[in-house]
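Chains as they are written, first to last, in this note's numbering: chain A, 1 to 168; chain B, 1 to 290; chain C, 1 to 782.
Certain hints may be false.
Pair by pair, the computed Cβ-Cβ distance ranges are [said to hold, decoys possible]: (1) P92/A / R770/C: 49 to 59 angstroms; (2) T56/C / P92/A: 55 to 65 angstroms; (3) L167/A / A4/B: 43 to 53 angstroms.
Over 10 angstroms on every C-beta distance to chain C, these chain B residues come out as not near it, computed from the model [said to hold, decoys possible]: (4) G26; (5) R28; (6) A144; (7) A236; (8) L286.
Source of the hints: derived by calculation from the structure; they are not laboratory data.
Think of the CB as a built atom: it goes at the ideal place given N, C-alpha and C, for glycine as much as any other residue.
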Amino acid sequence: MTQTTPRQPAPALHVVQVTVNGEPRDAAVPARTLLSDFLRDTLGLTGTHVGCGHGTCGACTVLLDGVAVRSCLLFAVQTDGCSITTIEGISPDGTLTPVQQAFQDNHGMQCGFCTPGFVCSLTALLAEDPAPTDQRLTETLDGHLCRCTGYQNIVKAARQAAGREALS
Amino acid sequence: MKPAPFDYRRPTTVAAALTDLSSVAGARVLAGGQSLVPLLSLRLASPPVLVDINRVAGLDLLTTTDSRVHIGATVRQATVLASPVAARHLPLVVAALTRVSHPQVRARGTVVGNLCHHDPASEMPAVAVALDAEFTVLGPDGTASTVAAADFFGDQFEVAVPVGGLVTEVSFPVAPPGSGAGFFEVARKARDYALLSAAAQLTVTDGRISAAAVAVTGLGHRPLRMDTVEDALRGAAITADALRAAARLATGDAVPHVNRRSTAAYRTRVLPVAVHRALRAAAAQLEEDR
Amino acid sequence: MSTPTAARPKYVGGAVKRREDPRLLLGRGRYVADIALAGTVHMAVVRSPHAHARITGIDASRALATPGVLTVLTWPDISAEVGPIPCIDAYPDSLPALQTALADGVVRYVGQPVAVLVATTEYGAEDALALVDVTYELLTPVVTMDDALAGETLLHPELGTNVVTTIAQDVGDVDAAFAAADRVYEETFEIHRYAPMPMETRGVVAEVDPISERLTLTTSTQFPHLVRGFLSGCLGIPESRIRVVAPDVGGGFGAKCEFYCEELLAPLLALRLRRPVRWIEDRREHLVASTHAREQRHTVRVAVLEDGTVTAVDARSWTSSGAAYSTLTTTPASISSAMLRGPYRIPHYRARAHCVLTNKTPLAVYRGAGHPQAVLVMERMMDVIAADLGRDRVALRLQNSLTPAELPSDRGTAIVLAGPVVYDTGDYGFCLTRAAEMIGLDEDWPAQQAAARAEGRYLGIGLANLVEETSIGPYESSVVRVDGSGAVTVLTGSSPHGQGHVTTFSQLVADELEIDIERITVLYGDTDVVTDGVGTFASRSAAIGGAAARKAAGVVKDKAMAVAAHVLEIDVADLEWRDGAAHVRGLPARSLSLGELAQASTAWNAPLPGGMSFNLEGTYQHQAAGIAFSNATHAAKLAVDVQTGEVEILDYVVVHDCGTVINPTIVEGQVHGGVAQGIGGTFMEDLPYDADGRPLARTLQDYTTPTASDMPWIRTDHMESPTPLNPYGMKGAGEGGATGAPGALVNALQDALSVFGVHLTVDGPWTPDRVLDLVPEDLPWA
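Looking at chain A on its own, in the form it has when it is part of the complex (with noise of 0.2 angstroms):
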């Protein structure tokens, strides 16, 4: 016999309509949905990754109306209206920017995946603040984990996209 269950109601659905570079994206989800998983599986932008998930990591940071924040902390409604960009906008033709250019030109990353959450955050600091004091440029870093680099040839990289000398 098959058993049969009263279907439960459906979770209500949010409208969302945001810019995400620079396009005109718009999606129902469940209030439940958190930016990350809007960006990435709403919208298929795969590039921001989620290394922990309760906020501590870093990856899976965008720029929201120009501000670096942590995507998993908030929930893609209250985003509504809101520009994002996310590390597939950060360089609208494909070449790399100044701050991507510095990770490679420096081995700033190694595996990849908290690269982006260090280009955005850094970006949008050097967006604010082309010439950043050492202590503005080391706080946005440490807001940011990764296991692979040592961080050293991360902080070379945000030197060099800061326009600062090199550390020797």
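Following the hints, complete the assembly by docking chains B and C onto the known chain A.
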């Protein structure tokens, strides 16, 4: 690691927010969400309703009136840090906020939300208690009351906000002329959760300390004002000896399991050290300003 | 007359920028969680909340009644179909304690899979976890090493003991050496439990390929070919019916050098449901469901002559292996016991290394495997002996170090899966002397320390020498293929997770064929594309996989020359290979390029000379002739804040030797990353358990890893002692950073606080509270 389902409300007025908060038992406010969302994703909390106050008109204001700076419930920590008003009038708030998490979190996290979360290891409750911050708390019926920081913080993760109520702002007194602020914390690593934090603000008039505000967090379940330290400082000249002697008077009962990151014995031992470092930082800022 | 052409610059040895970076920087990587197949359903795992308990009932009816939940499986549902999770490094006399994919009636660690369910959405699958009702009867947990060794509670009563493997190493006459010793030192060291913690957790997508009807498993692994074999063995499906793909892998460090329950469960479910099944481990799961590492206890006795000659070591170790064997269980204990003596002569040596079951997550390899523990123990002992004898730390080490003239040196020990320990090449004394000089450990150092102490700053310098097993076999294979445009494809069985194989393997092949690096494509990680391979672990990729690739390129070059001789109708001896083309000697204008030769090799432009196969392609299987041993000296300088217990690392030096360097930038990156992990383990990372066997670190807030501000600026110096074990001289570089750091850092902490009479026998984590416990309470404030 995904949140359980919830109903989402996004009111645009305070009145509507209060209605939403009263609509279902267990409804919770979503402001910056930087502490709340991890709890939801870890399913350590699963409120039936989230009331997103980010679009409530009037809560995003940072204003100065009556020698106090008022910080609305949705004002981001980053906004305060970038504000010239805060830089001029709230040096201790600024000193502590730079130690709250990371820029990417402060971009969304709110000052009020951070205080209402009342993590016992959090930095800002020490500042609130030291400076006699005041919270504007609305009851479910909209009745406003002003709650002093000393009465606001309960046991860890508890604050004096009635069920269905809402904190609309926190205010801090403008630092008097001749004030210096210092904040010190010990942690396992750079910008990690603090093991123990100390906040200090010293005001000097005619070469002597006319006002001292000192508090710590991380020792017990709530922020602790260091009255004996303040008493010892009041009227003293700012000398290395005076600061050291006053700091040595810092005492308090460390709660063993306030966090797993350090022992109670450790926190008891570093208490005077942390207070001393905060006082020295405050004195250094005074020196710089001269 | 031919014009002399400048020698083509070599890629090998050059700081070539990584070719894999642009796509990763543009967000175009593809990790397992990025794969979205139509019709995918989502797996979630019900895990044990208890360290040790008997399952008395599992009721899945509430979950099954929930819309969107497709199935729930427990052990009885699958036990007839799946074999246990294999262990490949068991010794012949190891007692069997294999894990089953779902608990077989008893749970033995928090996080152990108890049931598995599938739902139509990822969120829905997680919702359903709470609807599977499991009841337990609690058993006594075995948490500490002492609990386990006491043997009052046994994890597997049928074995009669919790000690499941004992490894023996015997060299020389230890008892006679102790009888003849002037001094004997004995210490017990505790090394705590921490973990690789890659930024990408594990994850799998399994499906039955609709075209070939073969099982396809995409998994975040370091060794897809071995996973194919394990899966075949566990499911009883021929390897030829299985395809395993490792896509971009977000770090491994040993955590993904394992075959896990989920890599068996998802394929099983895909076969049953005939839908793609996806599971992405979350971080809370990772902390209990992916292997842990390091935890060992060592008791060592050391025999020393009055002149400082260390004559013998008698060592015992116990590894807290967790609740069951993992794929690589005995390797840490095996390496620690085989390598304890490091660079030191110590002619007489005995070790007994025990693998001990505890109710914790299975323990396996992590960058360096058993080396970091061995280095910590030996290097602490060298400082203890130096202090007792009043000898200079560097001089005592130099006195006991093997010299280049003494190499190769058969050490008389052996490492499981790898073989006999025979040090090949290296100049251990040079690295030590250079590191000591760079860090500033000279005769003025004690005076500097005293002066700093007077100002309240407690400075310390620590040294650690290491020799490490790298480049283990058995082999790696490679295929090199040239198409008609002259573009070259390199297939390697070594599947990377951040090591930069695309770049380094291109460098090797480009030099062999004398072509531009941009013409080379490197493929890996898919068992259908690269049918044979071993994997990326044990610092083996460059020396074994790289050698295979370069050799395969050589095979292609030889064939190209033969084809050229055939086409040009001259003797191959009259040809020379230069700049990616076969040139007629003395007639430089007369040449055939690689592309032209590839075209000439096809069936359409043939015939080729007798018996030669069509197409320009070469295969080579490089078999390891032995273990290549890299070495290094680490030197750390730190300052202790004796009021707060906080430690600041002021300077860090690594002088290392990994043979011929393919790409110095990549090697330095490996060193930096390893040192960071050593710093993490020494000062902050920890996987503590409470008395009930419950893990206390459940998120990355609890399990803290270093950030940029925690890192010193690491200064490296290289020396190159090529190994004769492969034609190109390369050794491994992946693990030395993590291997040397704990020993150097703990020795530095000891040096800083020795004025207080401390005697450090614990590796860490040296959190501020633990450091402050070493400082007298009545110390005056600075």
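Once the closest CB in chain C is found, is it more than 10 angstroms from G26/B?
Fine: 17 angstroms to the nearest Cβ keeps G26/B off the interface.
Evaluate the given range 55 to 65 angstroms for the C-beta pair formed by T56/C and P92/A.
holds (60 angstroms)
Go ahead and decide if the range 43 to 53 angstroms is satisfied by the Cβ distance of L167/A to A4/B.
Since L167/A and A4/B have Cβ atoms about 47 angstroms apart, the given range 43 to 53 angstroms holds.
Beyond 10 angstroms from every chain C Cβ: check whether that's true for A144/B.
Per Cβ check, A144/B is outside 10 angstroms of chain C; nearest 35 angstroms; holds.
So the hint says 49 to 59 angstroms: do the beta-carbon atoms of P92/A and R770/C match that?
holds (51 angstroms)
Compute the least Cβ-Cβ separation between A236/B and chain C, then decide whether it is above 10 angstroms.
Non-interface label on A236/B holds, nearest chain C Cβ at 18 angstroms vs cutoff 10 angstroms.
If we take the beta carbon of R28/B, is the closest beta carbon in chain C still more than 10 angstroms away?
About 19 angstroms separates R28/B from the closest Cβ of chain C, which puts it past 10 angstroms; holds.
Any Cβ of chain C at or closer than 10 angstroms to L286/B, or is the non-interface label fine?
holds (21 angstroms)
Checked against the numbered hints listed earlier, the structure breaks none of them; every hint is satisfied.
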